[in-house]
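Use the sequences and the hints to build the structure in full.
Protein chains in written order, with the UniProt record's numbering: chain F, 1 to 187; chain D, 1 to 187; chain P, 1 to 187; chain L, 1 to 187; chain V, 1 to 187; chain Z, 1 to 187; chain B, 1 to 187; chain Y, 1 to 187; chain H, 1 to 187; chain R, 1 to 187.
Rather than coming from a laboratory, the hints here were simulated on the basis of the structure.
C-beta atoms are modelled at their ideal positions from N, C-alpha and C, and glycine is treated no differently.
One thing to keep in mind: the hints can contain errors.
Said to hold, decoys possible - In silico DSS-like pairs for lysine-lysine, Cα to Cα no more than 27 Å straight-line: (1) H:17 - R:91; (2) Z:169 - V:17; (3) F:9 - F:169; (4) P:169 - L:9; (5) H:153 - R:153; (6) Z:153 - Z:20; (7) R:169 - H:153; (8) V:17 - V:169; (9) Y:169 - Y:32; (10) R:12 - H:169; (11) Y:17 - B:153; (12) R:9 - H:169; (13) Y:9 - Y:32; (14) L:9 - L:30; (15) H:17 - H:153; (16) B:32 - B:153.
Stated by the list, open to error - Just a sample of chain H residues kept apart from chain R, beta carbon distances all over 10 Å, derived: (17) 128; (18) 154; (19) 173.
As the list claims (entries may be wrong) - Derived, one-sided and incomplete: chain P residues facing chain D with beta-carbon distance under 7 Å: (20) 27; (21) 29; (22) 43; (23) 62; (24) 65; (25) 138; (26) 176.
Number of protein chains: 10
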Amino acid sequence: MALINTPIKPFKATAFKEGKFVDVTDADVKGKWAIFFFYPADFTFVCPTELEDLAGIYPTLQSLNVEVYSVSTDTHFSHKAWHDTSPAIGKISYYMLGDQSGQITNNFDVMRPGVGLADRATFLVDPEGVIQFMEITSEGVGRNATELLRKVKAAQYVAAHPGEVCPAKWEEGEETLAPSLDLVGKI
Amino acid sequence: MALINTPIKPFKATAFKEGKFVDVTDADVKGKWAIFFFYPADFTFVCPTELEDLAGIYPTLQSLNVEVYSVSTDTHFSHKAWHDTSPAIGKISYYMLGDQSGQITNNFDVMRPGVGLADRATFLVDPEGVIQFMEITSEGVGRNATELLRKVKAAQYVAAHPGEVCPAKWEEGEETLAPSLDLVGKI
Amino acid sequence: MALINTPIKPFKATAFKEGKFVDVTDADVKGKWAIFFFYPADFTFVCPTELEDLAGIYPTLQSLNVEVYSVSTDTHFSHKAWHDTSPAIGKISYYMLGDQSGQITNNFDVMRPGVGLADRATFLVDPEGVIQFMEITSEGVGRNATELLRKVKAAQYVAAHPGEVCPAKWEEGEETLAPSLDLVGKI
Amino acid sequence: MALINTPIKPFKATAFKEGKFVDVTDADVKGKWAIFFFYPADFTFVCPTELEDLAGIYPTLQSLNVEVYSVSTDTHFSHKAWHDTSPAIGKISYYMLGDQSGQITNNFDVMRPGVGLADRATFLVDPEGVIQFMEITSEGVGRNATELLRKVKAAQYVAAHPGEVCPAKWEEGEETLAPSLDLVGKI
Amino acid sequence: MALINTPIKPFKATAFKEGKFVDVTDADVKGKWAIFFFYPADFTFVCPTELEDLAGIYPTLQSLNVEVYSVSTDTHFSHKAWHDTSPAIGKISYYMLGDQSGQITNNFDVMRPGVGLADRATFLVDPEGVIQFMEITSEGVGRNATELLRKVKAAQYVAAHPGEVCPAKWEEGEETLAPSLDLVGKI
Amino acid sequence: MALINTPIKPFKATAFKEGKFVDVTDADVKGKWAIFFFYPADFTFVCPTELEDLAGIYPTLQSLNVEVYSVSTDTHFSHKAWHDTSPAIGKISYYMLGDQSGQITNNFDVMRPGVGLADRATFLVDPEGVIQFMEITSEGVGRNATELLRKVKAAQYVAAHPGEVCPAKWEEGEETLAPSLDLVGKI
Amino acid sequence: MALINTPIKPFKATAFKEGKFVDVTDADVKGKWAIFFFYPADFTFVCPTELEDLAGIYPTLQSLNVEVYSVSTDTHFSHKAWHDTSPAIGKISYYMLGDQSGQITNNFDVMRPGVGLADRATFLVDPEGVIQFMEITSEGVGRNATELLRKVKAAQYVAAHPGEVCPAKWEEGEETLAPSLDLVGKI
Amino acid sequence: MALINTPIKPFKATAFKEGKFVDVTDADVKGKWAIFFFYPADFTFVCPTELEDLAGIYPTLQSLNVEVYSVSTDTHFSHKAWHDTSPAIGKISYYMLGDQSGQITNNFDVMRPGVGLADRATFLVDPEGVIQFMEITSEGVGRNATELLRKVKAAQYVAAHPGEVCPAKWEEGEETLAPSLDLVGKI
Amino acid sequence: MALINTPIKPFKATAFKEGKFVDVTDADVKGKWAIFFFYPADFTFVCPTELEDLAGIYPTLQSLNVEVYSVSTDTHFSHKAWHDTSPAIGKISYYMLGDQSGQITNNFDVMRPGVGLADRATFLVDPEGVIQFMEITSEGVGRNATELLRKVKAAQYVAAHPGEVCPAKWEEGEETLAPSLDLVGKI
Amino acid sequence: MALINTPIKPFKATAFKEGKFVDVTDADVKGKWAIFFFYPADFTFVCPTELEDLAGIYPTLQSLNVEVYSVSTDTHFSHKAWHDTSPAIGKISYYMLGDQSGQITNNFDVMRPGVGLADRATFLVDPEGVIQFMEITSEGVGRNATELLRKVKAAQYVAAHPGEVCPAKWEEGEETLAPSLDLVGKI
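Okay, here's the thing in structure tokens:
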């Protein structure tokens, strides 16, 4: 079975965030929406453009009560050094988790076996710690922060409006559907 | 470990496609790109809008050598009946696989335990039968066929151009990146 | 050993009954006589004639304190859609149970292995939840509601008259047998 | 899973038939249609009326290429003694199998656990040795040879006419159904 | 190890005794001496002469506080029918136990494997339920009730006179031996 | 299951016989009828009278092609010493097997657990090495060589006349029974 | 590991001692020094000379608070018979244990596998039941009671004088050694 | 079972012998009689007197084709150092095996558990490598080389004269016994 | 057991060496002496001074046919980035192995459990791939390249001069020891 | 995982120390810093120079609150004898542990498999009993007490000054490093 609709598992790690080293656990994650954004390694190629793309929507996400955690199997020391030296990464102000033990990467089932690096995977976690969305792309295809934002909003809308669902391609402000017996077999 | 970069497993099922019942196996899938589009049940709510959205890009996908298979744990009899009676579903001309035994849904690890229904999951499979992309959303959030098309094109570009990768939000025609030692730590 | 004389096992499912979706459990079944009437799939061929035949005796069965549950591995959504569109099925006012998880079909040991569909099987359950009669036919041979009614009456007669048994072909009102030592070897 | 559509298992037993003791094996059964008619014990009450009822249709069954085997866990010695002394049983000319080892009764999964007696069960086996119909009634309710004959004829009709199925209550000579895609959802 | 000097195991069965069906358990057996007399099947050949032979000494055995139980894997119904029709068996007034489940025959370890019939075996059980004598003959050799009576008397004598033993061929009234150290190596 | 109708198991032992020590194996036993006569210990009480009783019929047994082996868990040295000193044992000219390792006693399943002594058991073995009769008495009751001889003769008669059986108490020269279907239920 | 310095294990046996049969257990052994003297079989060759040799020093051993137990796998009956008939054995007044169950022989680990006879083994046990000396010789070499007596005395001396040890060939009355740090490397 | 009459197990070790370090294996041992003489530790108390005692009979043993191996869990380095510094040990010219790995001590089953030191044990091995004699004394009691020599001679006499055995206390030149049936029970 | 004197295990990794990414396997290591120098993480504190200290003796080590591999669980990308930005690390021209999968760190048994970082460990491997020296220090204590060089020279001297060993604190050019029997116990 | 940073395991042994035999356990070790200094065997070649080298710094170590334990699988008797006879070893006044059972050597994982001798290994244990440093050299390379002293001082400095670490080659009195975020990537 997939991890969708399951709670996140316990973890403990050190993150680099805005010039400091801070400890983060699964308990810290709850109470807010959260995005876990996995990538293979610091100092590599597609990753910085994705992380920079995500940095661009971070203020909007914060205003929507969404925290962001990027994760690789590098250490927090390495994250700081990358942040110090890369113009793209230097724009990041969200949490960069050091997962050199692989605990978080294994928790989310995205460790590449025998390689020691994470897949390019994105997870949306709701304030109860339950996974609401997941996406994994193979090497080489960049992710899209705009589409991610669309889905965050849809998930929040549905959570806030029990009894309604968002149809395909729904954008904030559009109509939703209210499932009922009468609709069965009528759409 | 996730299913990304693993080959699809053997299956055999009957599909409804354009007024006929046809048998489909994993062997039939190979040789072309393929999208497996899982949804919980016929005659329900969000599903038809997603399936209709996907029907809209089916001609484009066919021109890109991509076949489409929708999958639920309903029978092919049920798929035909739905196609006969629903205006949205009536627009579909791709394969609607009847997976009442759950074989395919379990193969892709998206069976909801104890429920007998599939998650809302999308998989892109390359012509060798290897999974290149996967996405799963919880109940209530509709998928987006336009973003799916963007990623199909990126995956095909990378497959055709070894040595290049697509940055975040890459759209067809934009520049790509060619990883090299010199770029390490420079982006 | 066969299921005859064993109690039904716990289950929970959603049924379509007279325009509504209602939850049904094994606890709801007890207290009345009950018929479980399994068939392979909605929207198929022999099945509707059998279900229609059963619908014809449903008022009589109700007057005899017997409830009726048809069961297939389709969803309750599918049952409703079939009820909406088929003239034969539209006559049904008993419970149509959605068993897409296969729980009930497996409970009664009539799942076709590897297929995900139920056998054509009929079970009579007494008010204590104990199976009193079972019948399974292969594909292609229709069942007979009149004979079913005869056996329901015989079972109810025997339950009400301890010490008597019904001989072959017994019809309501005919004489029964009272076993005794003197009869041993004398019939 | 039920025994329906599975082949009979190997057995060897001695039968009483028309004044002689003859050995019967599963191999002897094949090549003809066969009815296995289980009952708890010789010299008991409901059983003789059922066996006599079955004796009444035995000539018709023979003309339809159907052999009949009654089975209890008594010996063939006991069967002969019963046949000698009971007017009802004296009418029987089909095979009365002595199953004191329980092999056949266990093969058909109708041994009452801890009791050493068979259930009241009827099985129809086709000439390939595959079970096509089964019925089990609890103690006290007599079976009906007329309904059994109806189902034998339906099973033979379906076997002889691939592509046709018999609807509910079908009697010899009535119309059958020919399943096709066009009928899906139309009955 | 043999069953000699071990207690009988629990059982429950129905017997035919002097025109009635009565339940018998291992608890009923205790408090008296008991003979268990196993034979293969009702309505067979050597058996009746042995059972008749045993019937001849039954009054004497009763006067010695010994009960008699014949046992076969036939039912009590069959025992009654045999008693009704056979002149030899009609003389029996001891318990005829119906062991169609094989429980007693297996308890005494005399079930013929794969056959479902008991060996021709005799057991003497003392009032505490402990087996004091056993004898088994192959098919075809009849037992001898006179010799059995001799051994019952010897066993009762020894039980009543601790410190004495009966020499070979001892008959009631003859001298016995009293073992003592002085006799060691002197006989 | 009992040892009746099973072949004897392999063994090797040294016997005292007529002033000599000779090795005996299971292979030596075959080709003749054989009696194995177990007793607890040399130099004890009941045993010598039984062994003397058996010595009395040894010439007759030899003329009937029957060999005799007495067995205890004493050594062959002890057997010789007993034979030298006891008037009763001095009459023995059959084989006295030394079974101090317990192999033969365990083979025939008559070792008293935790005691190291054999039960008082008699076995008749046919020339193929198959056990045809067995008898075990508890401590204190002497066996009877005359009855043993009667049963040896009956067993030999039955082996020589297939199709006939000996009724109860049969003595040499008396009539036997020839089982046939007509006799079923008539004795 | 060897049995030296381990406690004797529980046993129960019957001994022949000075014209009587007496029960002996491991509990009876404690409180005195004890010699266990194993030999293969009564009525054999080397054994009597060894047992007679031991009988010669028995008075001395008794005066030293040492009890003697000879052990073979013969019964106490056999021991008595041997004592009655052999001049050498007739001199014995110590305990002759009957170990036909092999319990003691197995306890001391000197059973010859597959043979059922003890090795020629001697054990010295102290008053706490702990083995202080053991010796085993192969078949054919007689033991030496004089040397045994020497070792008994040495063991008793050491037990009585903690801090002293007996050098090689020590005889009663000779000097002993008192180990101390200063002696290390100096002898 | 004891090691008596079993072959020695494979080993490899380095010995100190007459000023040299030489490797010794189980293969080197065979072809001659051998004594293995275990003791706890170099530089201790009783041991040197025993080893010196053994050194005294070494020329005689050599003339009888017997090799001598002393064994402790010390190294060969330690043996040399002890030989260099101790007057008693300096007299030794037989093999002093270094068994610091415990292989030989464990092979002969004389390792003190948890201590890492050997028991005071002596073994006589014949030229085929089979153990003929064993002796173990607890701490504090010295062994006796004279008695050892007596037993070596007895063992060699028996090996050279099949059919004769040495009685108790036998010394070279004395009479032996020739076992025969006539002697059974006569000594 | 420790890894000393055992062969290195198979591995495959990518190293940063003098501006390039090169693959290194265990096969590449053999044929030369090799130092594996583990440290916890790039961009940390004690590590750079140790790595710089090692860089200082790298030319000397190369002239002695010794290759050097530093190892941490960081990627080769991270090593390059560190090399680009740190003055101390920029001096390194030996192999910096990226062991993000932990394979090498686990091979040498120096992974900190649950942490994902290596211990501060040094291993010297000879040209046959056998470990000759190992050293591990806890966090906080820096290693000493000068002492390491001393030991490399000693190991090479011993390898080149069989029969000689280096005493404590041996420096190149000093005398060595040639072990012989005469030296035992004399130093 | 390596033993570094793990607590020492329980042991009990006898040591030779300054002319006495004293018992030492793991409990005695705690409360002080401790060096465990393993070597293969007494009376060998490199070992004495290493032990002598260590003896030279023993007064300094004592003044630093460090106890020293040398360990080999020889006995304490052997240690005393070596101390008595070797000029180099005679200088030792630290604990020489006798580990003939191999318990301590196995505890520290430095037993050579199949050999029974320890590796040349050094361990530094802190007052809590936790291993802070370990070093193992193959046969032939002598250790260096001066470098050992340097590391003892560094370990003690770090233990006394939390927050500081010692760089490579640190000598007493030199500057240390205080790790902080600002230093990351700056050395």
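Here is what the structure says about each hint:
1. H:17 - R:91: violated, 50 Å
2. Z:169 - V:17: Status holds; Cα separation ~25 Å.
3. F:9 - F:169: violated, 31 Å
4. P:169 - L:9: violated, 30 Å
5. H:153 - R:153: Holds, because 26 Å separates the two Cα atoms, which is no more than 27 Å.
6. Z:153 - Z:20: violated, 30 Å
7. R:169 - H:153: holds, 19 Å
8. V:17 - V:169: Between residue 17 of chain V and residue 169 of chain V the Cα gap is close to 34 Å, so the pair fails against 27 Å, i.e. violated.
9. Y:169 - Y:32: Holds, at about 25 Å.
10. R:12 - H:169: violated, 32 Å
11. Y:17 - B:153: violated, 35 Å
12. R:9 - H:169: violated, 30 Å
13. Y:9 - Y:32: holds, 16 Å
14. L:9 - L:30: holds, 12 Å
15. H:17 - H:153: The given pair, whose Cα atoms are some 25 Å apart, holds under the 27 Å limit.
16. B:32 - B:153: Holds - the C-alpha atoms of residue 153 of chain B and residue 32 of chain B are around 14 Å apart, at most 27 Å.
17. 128: holds, 12 Å
18. 154: violated, 4 Å
19. 173: Given that every Cβ of chain R is farther than 10 Å from that of residue 173 of chain H, nearest at about 14 Å, it holds.
20. 27: violated, 18 Å
21. 29: Violated, because the Cβ-Cβ distance from residue 29 of chain P to chain D comes to roughly 20 Å (cut-off 7 Å).
22. 43: Hint holds; residue 43 of chain P Cβ to chain D Cβ min 4 Å, cut 7 Å.
23. 62: violated, 28 Å
24. 65: violated, 32 Å
25. 138: Violated: closest Cβ of chain D sits about 19 Å from residue 138 of chain P, beyond 7 Å.
26. 176: violated, 45 Å
Taken one by one, the earlier hints fail for this structure at numbers 1, 3, 4, 6, 8, 10, 11, 12, 18, 20, 21, 23, 24, 25 and 26, listed in ascending order.
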